[in-house]
Amino acid sequence: MQFSLGPVLYFWPKAQILQFYREVADSDVDIVYLGETVCSKRRELKYADYFALGQMLREAGKQVCLSSMTLYEAPNELRELRKYVDNGDFLVEANDVGAISMLQEQCLPFVAGAAINCYNQHTLRRLISMGMTRWVMPVELSGQWLSDVLSQSLITDIRDCFTTEVFSFGHLPLAWSGRCFTARSENRSKDQCELCCINYPQGREVKSQDGTQVFVLNGIQTQSGYRYNLINQLPAMQNLADIVRLSPQQTGTFDWLAKFKANLDGNAPQQLNATDSNGYWLQLAGMACG
Amino acid sequence: MELLCPAGSMPALKAAIEHGADAVYIGLKDDTNARHFAGLNFDEARLKDAARYAHQHGKKLHVAINTFAHPDNYQRWQQAVDVAANAGADVLILADIAVLAYAAERFPKLERHLSVQASATNAAAINFYRQFDISRVVLPRVLSMQQVRALARSCDIDLEVFAFGSLCIMAEGRCYLSSYMTGQSPNTAGACSPAAFVNWQDNDGTLESRLNGILIDRFAPNETAGYPTLCKGRFTVGDDTYHALEEPTSLNTLDLLPQLYAEGISSLKIEGRQRSPAYVAQITKVWRAAIDAVKSAPDHFNVQPKWQQVLAGLAEGSQTTLGAYHRKWK
Numbered sequence: 001m002q003f004s005l006g007p008v009l010y011f012w013p014k015a016q017i018l019q020f021y022r023e024v025a026d027s028d029v030d031i032v033y034l035g036e037t038v039c040s041k042r043r044e045l046k047y048a049d050y051f052a053l054g055q056m057l058r059e060a061g062k063q064v065c066l067s068s069m070t071l072y073e074a075p076n077e078l079r080e081l082r083k084y085v086d087n088g089d090f091l092v093e094a095n096d097v098g099a100i101s102m103l104q105e106q107c108l109p110f111v112a113g114a115a116i117n118c119y120n121q122h123t124l125r126r127l128i129s130m131g132m133t134r135w136v137m138p139v140e141l142s143g144q145w146l147s148d149v150l151s152q153s154l155i156t157d158i159r160d161c162f163t164t165e166v167f168s169f170g171h172l173p174l175a176w177s178g179r180c181f182t183a184r185s186e187n188r189s190k191d192q193c194e195l196c197c198i199n200y201p202q203g204r205e206v207k208s209q210d211g212t213q214v215f216v217l218n219g220i221q222t223q224s225g226y227r228y229n230l231i232n233q234l235p236a237m238q239n240l241a242d243i244v245r246l247s248p249q250q251t252g253t254f255d256w257l258a259k260f261k262a263n264l265d266g267n268a269p270q271q272l273n274a275t276d277s278n279g280y281w282l283q284l285a286g287m288a289c290g
Numbered sequence: 291m292e293l294l295c296p297a298g299s300m301p302a303l304k305a306a307i308e309h310g311a312d313a314v315y316i317g318l319k320d321d322t323n324a325r326h327f328a329g330l331n332f333d334e335a336r337l338k339d340a341a342r343y344a345h346q347h348g349k350k351l352h353v354a355i356n357t358f359a360h361p362d363n364y365q366r367w368q369q370a371v372d373v374a375a376n377a378g379a380d381v382l383i384l385a386d387i388a389v390l391a392y393a394a395e396r397f398p399k400l401e402r403h404l405s406v407q408a409s410a411t412n413a414a415a416i417n418f419y420r421q422f423d424i425s426r427v428v429l430p431r432v433l434s435m436q437q438v439r440a441l442a443r444s445c446d447i448d449l450e451v452f453a454f455g456s457l458c459i460m461a462e463g464r465c466y467l468s469s470y471m472t473g474q475s476p477n478t479a480g481a482c483s484p485a486a487f488v489n490w491q492d493n494d495g496t497l498e499s500r501l502n503g504i505l506i507d508r509f510a511p512n513e514t515a516g517y518p519t520l521c522k523g524r525f526t527v528g529d530d531t532y533h534a535l536e537e538p539t540s541l542n543t544l545d546l547l548p549q550l551y552a553e554g555i556s557s558l559k560i561e562g563r564q565r566s567p568a569y570v571a572q573i574t575k576v577w578r579a580a581i582d583a584v585k586s587a588p589d590h591f592n593v594q595p596k597w598q599q600v601l602a603g604l605a606e607g608s609q610t611t612l613g614a615y616h617r618k619w620k
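These protein sequences, in sequence, are chains A and B.
If you use our numbering, the first sequence closes out at 290, no skipped numbers anywhere.
If you use our numbering, the second sequence closes out at 620, no skipped numbers anywhere.
For the record, the hints were derived by calculation from the structure and aren't laboratory data.
All clues stand as given, with none of them false.
What the simulated footprint calls covered on chain B by chain A, stretch by stretch (three residues with Cβ under 8 Å from a Cβ of chain A suffice, anywhere in the stretch; the number is not a length):
| hint | segment |
| --- | --- |
| 1 | 355 to 363 |
| 2 | 380 to 394 |
| 3 | 432 to 444 |
| 4 | 463 to 471 |
| 5 | 505 to 516 |
| 6 | 521 to 529 |
Examples of chain B residues lying across from chain A (beta carbon under 8 Å, computed):
| hint | residue |
| --- | --- |
| 7 | A413 |
| 8 | I459 |
| 9 | A534 |
| 10 | R617 |
Quick reminder that beta carbons are idealized off the backbone N, C-alpha and C, glycines included.
Please build the complete structure, drawing on both the sequences and the hints.
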C-alpha cells in the first residue's frame, strides 16, 4: 500500500505552498499530486511553478502527478488544461472528462480522479481502454462498492493494468458550482471576489443553526463539514486500495501521514474526534461515523 | 426550438402534449433515473402507452436513464435501455459512460442525448462524449449565458438548456451533498434530499425542517416553509445566518429567450417530473406562447407580464432567478 498527498484544495499564498512542498520533499509520502483543481482565478502558482515543483519532488524520490481542474467552463481554462496535458513529463489526473478527451487524443496514460463518474465495472473497463492507469474512486462510494466493482470478472482479468486509490483523509470535495460561495459569504459577486479565498486557508465553516458543522466553503467548491478519516479502516482497505490519499490540511498533515503509516496493519488505531467521519466507506451517510 | 416538458405520470404527459409540448421526457419506475420518487414514473406497460400517445399526437418521447449503474445489478440499466427502446421511445437521455456505450452498440439508430447528469460544461467534455455518437447535450445549470453562447458557436452539436424549474446550483452529476447527509444521492439513488429523511417539528410556532436529523432551516410563523433541499437551507457562516448556498427559488429564463433563440439552442427543458399535471399544464402553456412569440418576431419579443405572473406563482418560494445564466448571480 502506498500513500499519496492530494492537490492542495485551498488557496494558500505562494510562500506557504512552497514551504509545504519543501516538507513534502522531506516526508516519506510516495505520490504527490500538484495543481490548482478548484478555481482558475487562483494564480499564486502558475503552471511553470507547479512543473518546477514537480521536478523538485521527483528528485526527492516522489512519484509526481499533475492534477487538473474539476469544473471547466471557459475556453481560456481549456487552454490552461492543454498545457497540463502537453507537459511532456508527468502523469495527469483528470477530474473532468474534458481532460480525458485531450489525453486520449494523445494516447497518454491518466489518473481518473474522484470527480470522474465511474460507478461500475463497465465504465471502469472503458476508462482503462482509454488509457486510465489509476482509478480514484468517487468519494461517495463505500468499501463494499469498491469490492463489488473489483470482483467482477470483467475487471479481475485486467486488475494488473491499473491501481486503485481512495480519498482517505481530509474534508471531502462534495460539489462544484458556477457560483463562488466564499465570495457570497463576504457579500461579493464572483466577478468581484478579490481572491478572498486566500483569507481562508482551511475554507469557511458552515454550521447549521443549532451548531452542527455541515459544510466547508472553498470558493466554488463545497466540502464536507466533517473531516473524513479512514485511519481505522486501513486494515480492511489492504486488498482494495493500492493507494491511500491524504488531502493536505493547513496543519498536521505530516503527523497524520505518520499515524496512517503506523496503523497500516491496525497496530496503532486512533480515537476519532467528534468532527471526524468515515460514513461513506462504511455504506452510511457520508457524515456519519461508524 | 423545441419545448421539452416533464411528466411523472400519464395525466401529466397528456397535459404537456395538450398544452403545446413538442416533446415530453419521462423515467422508469426505479432508480435508473434522477427523479426516483414514490408514486412517480412509468412501468413498461405505461411507457408503451406514453409512446403511443405521444406519437399519435405527432410528439416525441424522451426517456431519462440518467443515474449511474451499480456494479452488482448493472443489468437493470441495460434492461432500462432495452425497455425504453422496445416501447418506442424516440430518445434516450443517458449519463453513465457504460450505459451510453451499451445503447450506442445495441440500438445505434435510437437517438442519444447526453444527460445533464453527465456534467458536460465545456467543449472538451462534449468532445469526449462524441465517441458515443450523441446527437444532443443537455447543459448543466452552472454556465453563464456568455458561456452557453460560446459553446453554441463552437460546438457542432445540438444543445438543450434548462428554461424553468427547480434550480440545481451545483454542477449536476458531481454533487454528493445529498449522500453526505443521507447516504443517497442523485447519482446512486436517483434522488436529492430524499423525502424519507425529512422531518418537520413545530417548536412553539417556529417550524424546523431537518434532513436525516440535520437542521436545514427554521421558519418563523409568518414565513413560508419550503422543502428542505439541503443546498437551500439557512446556515451560519461567521456571524451571519443566511442562505449560504442558495435561496429557495426557481430558474426562469423567459428574459433570455431571444438570446437562446438567436444562438440556435435546440431545446428548452422544463424541470419538474415530480410536479402535478396542473403545474405541467400551466407551465407548458406559458412557454408555448413565449416560444411561438419569439419565433414569429424574434426582434420584437417582449415578456408578457401575465406569463411572469403565472411562472412566479408556480415557482419555489414564489421567487425566480436567471441563475448562473446571469453573471451577477455567481
